[in-house]
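Protein chains: 2
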Amino acid sequence: MLTGSEKEIKKAADKAGLDISSLEIKNADGIFDMETAPTEIMKSGRGTSLGVGLDALASGEGDAFVSAGSTGAVLVGGTLIVKRIKGIKRPALAAVMPSSDKPFILLDSGANAECTEKMLTQFAYLGSLYMEKIMDVPSPRVALANIGVERTKGTPLYVETYELLENDEKINFVGNIEARDIPFGRADVVVADGFTGNMIIKMYEGVAKSLTNEIKSVFMKNALSKLSYLGVKSGMDEFKEKMNYKKYGGAPLVGTRKCIIKAHGSSDAYAFKNAIGQAVKYVESGFTDIVAKSLRESKEE
Amino acid sequence: MLTGSEKEIKKAADKAGLDISSLEIKNADGIFDMETAPTEIMKSGRGTSLGVGLDALASGEGDAFVSAGSTGAVLVGGTLIVKRIKGIKRPALAAVMPSSDKPFILLDSGANAECTEKMLTQFAYLGSLYMEKIMDVPSPRVALANIGVERTKGTPLYVETYELLENDEKINFVGNIEARDIPFGRADVVVADGFTGNMIIKMYEGVAKSLTNEIKSVFMKNALSKLSYLGVKSGMDEFKEKMNYKKYGGAPLVGTRKCIIKAHGSSDAYAFKNAIGQAVKYVESGFTDIVAKSLRESKEE
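Protein sequence lines, in the order shown, are assigned to chains A and B. According to numbering that gives the first Met the number 0, the first sequence is numbered sequentially starting from 0. According to numbering that gives the first Met the number 0, the second sequence is numbered sequentially starting from 0.
To be clear, the hints were calculated from the coordinates, so they are not data collected in a lab. One should not assume that every hint holds.
Copies of the same chain are indistinguishable here, so a pair counts whether it falls within one copy or spans any two.
Think about it this way: if two alpha-carbon atoms lie no more than 25 Å apart in a straight line, the pair counts; the simulated PhoX-like pairs of lysine-lysine are [to be verified]:
{"hint": "1", "residue 1": "298", "residue 2": "220"}
{"hint": "2", "residue 1": "85", "residue 2": "9"}
{"hint": "3", "residue 1": "101", "residue 2": "220"}
{"hint": "4", "residue 1": "10", "residue 2": "232"}
{"hint": "5", "residue 1": "225", "residue 2": "241"}
{"hint": "6", "residue 1": "152", "residue 2": "208"}
{"hint": "7", "residue 1": "220", "residue 2": "272"}
{"hint": "8", "residue 1": "225", "residue 2": "246"}
{"hint": "9", "residue 1": "220", "residue 2": "232"}
{"hint": "10", "residue 1": "215", "residue 2": "232"}
{"hint": "11", "residue 1": "42", "residue 2": "152"}
{"hint": "12", "residue 1": "246", "residue 2": "117"}
{"hint": "13", "residue 1": "9", "residue 2": "272"}
{"hint": "14", "residue 1": "232", "residue 2": "85"}
{"hint": "15", "residue 1": "82", "residue 2": "152"}
{"hint": "16", "residue 1": "208", "residue 2": "85"}
{"hint": "17", "residue 1": "25", "residue 2": "101"}
{"hint": "18", "residue 1": "10", "residue 2": "280"}
{"hint": "19", "residue 1": "25", "residue 2": "10"}
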């Protein structure tokens, strides 16, 4: 099912020579641009592709929703229209990221600037379950992003969260992880409050971009350096593919009653295809049911 | 003046063929290793090179102190032995970092995991003054590390700090900076609480190290790729030099009554020479007097 301006969707499909006659289109003429306040999704934004899509998801017309639209609006709409799983304090935005080893998940990567230790503990569980069920990692290593490995490091929030995670039998807690170890993939799940998580993901992006630019200009320097590129091209291509986050799809908003995937704003067809595949796997894994059941049980205990 | 085991210092100088007869040596036989709790600097650590050096500095036997020892002990000793400038809430550790443009300073890079908006405002002023007086940057651009550029972004601490900085006539505040823009040098001074600042600096270090390793292995792949390295060697060397943080010396602990420079634990002779040069410039600039005078004036206002 596609949501958005039916006219524009058909025009785009025609242009690309695609037959989309088997897909249902839910017309939505409203426009939700990056300048619109995220909370408008509950009011003036209801008639946009985002609003119509989230409403359709909430009312059971679909199993998952994939969007590359405004992150803030997806968060607000996901939480208020699709709603949280009972017992979940706040949904978290989880980013699947490449490392020099295997990919890992970082959550919260920006949905909640302020967190409590209970929220961080839920994020740890949600991230662990995601890596196990959707990324096929058995017994994922869960680490808490912190400024030192010792249990006494960081703010009181982090010291208390460490204690809760250590005693949580549902996860494989491996302790604190310093930011310098994050790019090496020393944990499968990295837990942080949304402010810190957002800093981590954007530093990763910024430093990688800055260094890639520098390396590029080294190769562009002169005729000899350009020629040299040919000798490392296959290795460079492998490296680029390893670091290509688009293959992992988008960032799932975990903790909502149904699957919501926030695709990167710069998603191309390849990234979208992978985000949709990720949504299929998410739904087929029974992720939300497992979370709901686990929360019911821990409440009964 | 050198502090440490006189016997060991003389042995090392002999080995290196150095004449250190013009230097005063303050003997200190105690050992402060990385496992010792930083607060021990006030007790059992007083007889170490760190303790003896900070005591000498505090009592006026020197103008500046440079050490590559335990960061925690330098922070505690700097604050409690050398003491804060009157009116300074908490000293901050400032890291001078390379960018794809000019170097910038990040503070607090780890001294205070928890901060107030008043502390962050002082850090902004101290960083700005440092860049102006010691790094020769006129009217340094001061930015607040945040998860978005809008003034409403981040935790209440960051929203309130934004407002204070905006109204601070002593600095050139350019607004929030997102982490992805930090490596591009879009600010001369980046202000953050010590938890966030530590995450930023260590992500920078980690991502740079991880990507450098990847690029290295691309060149080491086979005979052709090794040969190709020769064609980009000069460009790669320039790139390495640009990113070499050792040329900036160490991280000053700003806000103490006298100059204290924390050199990186892995400092070599080149890094130490630069840290000492940095200390000379710090002292000659009259940095601490300017700060003290400015704080007295703003109190009188």
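(message) Tell me the hint numbers this structure goes against, listed in increasing order.
(response) Going through the list in order, the structure violates hints 1, 2, 4, 7, 8, 12, 14, 16, 17, 18 and respects the others.
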